[in-house]
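Undergrad: Note that the protein sequences, when read in sequence, are chains A and B.
Every position in the first sequence, counted from 1, becomes a number in the working numbering once 2 is added.
Every position in the second sequence, counted from 1, becomes a number in the working numbering once 2 is added.
To be clear, the hints were calculated from the coordinates, so they are not data collected in a lab.
One or more of the hints may lead you astray.
A short, non-exhaustive set of chain B residues, derived as facing chain A with CB atoms under 8 angstroms [claimed, not checked]: (1) V34; (2) H100; (3) F105; (4) E106; (5) T107; (6) K108; (7) E109; (8) P110; (9) Y112; (10) R114; (11) A115; (12) P117; (13) K299; (14) T304.
All C-beta atoms, glycine included, are put in the ideal place defined by N, C-alpha and C.
Number of protein chains: 2
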Amino acid sequence: MDKTLIFGHKSPDTDTICSALVYADLKNKMGVEAHPARLGEINGETQFALNYFGVEAPAFIEKVDDDVDNVILVDHNEFQQSVDNIADVRITEVIDHHRVSNFETKEPLYFRAEPVGCTATILNKMHKENGVIVSKENAGLLLSAIISDSLLLKSPTCTQSDREAAYELAEIAGVDLETYGLEMLKAGADLSDKSAFDLVTMDAKEFTMGDAKVQIAQVNAVDTSQIYESQDAIEKEMEQIISDKGLELFLFVATDILENDSDVLALGNAKGNVEKAFDVTLDNQNRALLKGVVSRKKQIVTNLTEEFTK
Amino acid sequence: MDKTLIFGHKSPDTDTICSALVYADLKNKMGVEAHPARLGEINGETQFALNYFGVEAPAFIEKVDDDVDNVILVDHNEFQQSVDNIADVRITEVIDHHRVSNFETKEPLYFRAEPVGCTATILNKMHKENGVIVSKENAGLLLSAIISDSLLLKSPTCTQSDREAAYELAEIAGVDLETYGLEMLKAGADLSDKSAFDLVTMDAKEFTMGDAKVQIAQVNAVDTSQIYESQDAIEKEMEQIISDKGLELFLFVATDILENDSDVLALGNAKGNVEKAFDVTLDNQNRALLKGVVSRKKQIVTNLTEEFTK
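Given only the sequences and the hints, what does the whole structure look like? Please build it.
TA: Next up, the structure:
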């Protein structure tokens with residue numbers, strides 16, 4: 003039987019991990035030999051969800067091995083966010099909710115992107131389309147992904163479909179949405195054991211905007227000022243990555259999960275584009291408060307890309 | 003209300019035209035102001051289908067005007083096959099059955115590609131998903147698209163889904179699949195009034211393979227030898243396009259709809275790749291018979307891309 007590997011993006015977040023796990027399980031139930039995988043470390047928030055619902059993390063892979071026939075991408079499509087040898091593998095499916103960019107195949111495939119807040123919302127629908135009941139564990143994982151991507155249904159990326167899926171899944175998972183959600187987000191916002199390097203890499207994504215390489219890292223926090231107590235160390239790590247990767251801009255986004263604002267730090271030659279894109283002025287520490295901005299995808303990438311391609 | 007324009011690829015074929023018409027109608031029924039459009043001349047096969055079912059061709063456009071809010075692409079995604087100002091418009095949906103390549107958006111969108119033989123097959127499914135009955139005219143258009151793309155269900159691109167959709171739609175359209183299908187294909191294969199320029203441009207698509215620009219034109223015929231009576235004139239037109247566009251290869255594919263073979267003519271610096279990709283030798287007229295090859299997408303683009311990216 004063909005062997006299929008399913009994984010999400012580098013610097014995995016809760017949606018990427020949970021979607022890989024749940025989709026592999028759905029595929030297995032449909033008679034496909036599918037294995038979930040991950041491209042990086044499990045973060046504190048995701049670990050909380052896995053522990054809560056008693057599910058093992060997927061296996062870590064550095065590259066796709068030769069014995070894999072097919073690859074399914076969840077929660078991403080841009081090659082620079084994927085496994086290093088992505089251009090050499092046969093991608094048969096993509097299930098995603100991001101913009102489409104820097105993606106290509108030689109052959110037709112099943113590519114399903116929907117403008118919803120979370121890959122898990124699409125997977126919940128796919129269970130119904132295929133007449134498969136979502137198990138309690140899988141409901142818990144999908145719910146955790148939605149809570150994570152929508153900051154407890156508060157992000158502007160959150161659609162009516164995400165909301166409906168979340169309430170439905172909370173019921174199956176047997177948890178109270180608000181209570182469980184806040185507990186999970188707080189677990190992810192506990193940054194006490196993180197080094198400056200961890201902070202700038204744990205949820206970092208690289209984008210091509212016009213001709214520029216841009217990296218955007220995001221952390222959730224209950225108190226963003228605590229993070230910036232180590233701003234010097236954070237800047238040092240960012241400068242190193244800017245030089246290693248030849249970035250035009252590295253934007254570090256510290257999102258306050260209670261206030262739903264982001265305190266950002268911008269470094270790189272193109273940091274002026276952050277000021278223009280959000281109509282703010284960076285202070286003498288290269289920082290600015292972006293009021294009401296919590297979504298990298300909908301509020302940050304879109305505006306910045308606009309600025310870089312003007 | 004937002005104005006949405008729906009169109010398929012340049013050098014439109016029956017699937018591109020019929021899918022734009024039917025999807026615009028479905029969108030209208032779902033309360034969206036959608037208008038079908040076309041990027042080129044209607045071919046003889048498509049005109050036969052439109053006449054048979056009494057449907058007007060979509061309006062021709064050279065570019066997307068400023069008063070259009072959203073664009074939906076059907077039956078293609080590669081920008082070089084689309085409208086010239088595609089990079090400046092807001093693409094909100096793609097419904098397609100081709101490989102994904104040279105496509106990108108700034109924002110998340112609804113992107114639905116399925117590895118089936120025809121866009122119309124996906125649109126038939128979407129009617130069901132949205133609880134909309136396919137009208138007799140629309141069934142005729144969708145059926146025509148499937149017959150066209152699958153050469154009357156004989157192409158290797160034709161899947162079980164396409165077959166089932168075709169029989170279902172023939173029933174609604176009130177036609178005999180075989181009789182209507184052969185009549186329609188023959189209307190398309192009547193090339194008696196076509197100039198050499200028409201032949202090499204009427205169904206031509208451009209691809210990027212590795213670093214090379216490759217154009218592949220295809221015509222259906224009942225007798226391919228008749229086409230090559232004007233080979234000198236055809237070559238002259240091809241040479242002109244190779245030089246205008248800087249192509250590495252121009253492959254002209256004359257497909258015999260009764261024998262299900264293709265008699266191809268290859269010009270350009272990289273014509274040797276055709277020999278390698280299909281394990282044939284071009285004769286002293288730069289031609290070769292590709293036995294059993296009828297699908298540009300599945301049998302030609304895939305093999306050639308492989309060769310160009312080795």
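Undergrad: Next step is simple, just say for each hint if it's right about the structure.
TA: For each hint, the structure was consulted:
1. With a cut of 8 angstroms, the hint placing B/V34 at the interface with chain A is violated, because the nearest CB-to-CB distance is about 15 angstroms.
2. The criterion of a C-beta within 8 angstroms of any C-beta in chain A is met by B/H100, whose closest approach is roughly 6 angstroms, and the hint holds.
3. Annotation: B/F105 was flagged as interfacial toward chain A, and the flag holds, the nearest CB pair being 6 angstroms apart, inside 8 angstroms.
4. At about 4 angstroms, the closest approach between the beta carbon of B/E106 and any beta carbon in chain A falls short of 8 angstroms, and the interface hint on this residue holds.
5. Because the beta carbon of B/T107 sits about 5 angstroms from the nearest beta carbon in chain A, less than 8 angstroms, this interface hint is met.
6. Taking 8 angstroms as the C-beta cut-off, the interface hint given for B/K108 holds, the closest approach to chain A being about 5 angstroms.
7. The interface hint given for B/E109 is met, as the beta carbon of that residue sits about 6 angstroms from the closest beta carbon of chain A, less than 8 angstroms.
8. Taking 8 angstroms as the C-beta cut-off, the interface hint given for B/P110 holds, the closest approach to chain A being about 4 angstroms.
9. Checking B/Y112 against chain A: minimum C-beta separation of about 6 angstroms stays under 8 angstroms; hint holds.
10. The beta carbon of B/R114 is positioned within 8 angstroms of a beta carbon in chain A (closest approach about 6 angstroms), and the interface hint is therefore held.
11. Interface restraint check for B/A115: the shortest CB-CB distance to chain A comes to about 4 angstroms, inside 8 angstroms, so the restraint holds.
12. With a least beta-carbon distance of about 4 angstroms to chain A, the hint placing B/P117 at the interface is held under the 8 angstroms criterion.
13. Below 8 angstroms, beta-carbon pairs count as interface contacts, and B/K299 has one with chain A at about 7 angstroms; its hint therefore holds.
14. Nearest Cβ of chain A to the Cβ of B/T304: about 6 angstroms, under the 8 angstroms cut. The hint holds.
When the structure is compared with the earlier hints, a violation turns up for hint 1 alone.
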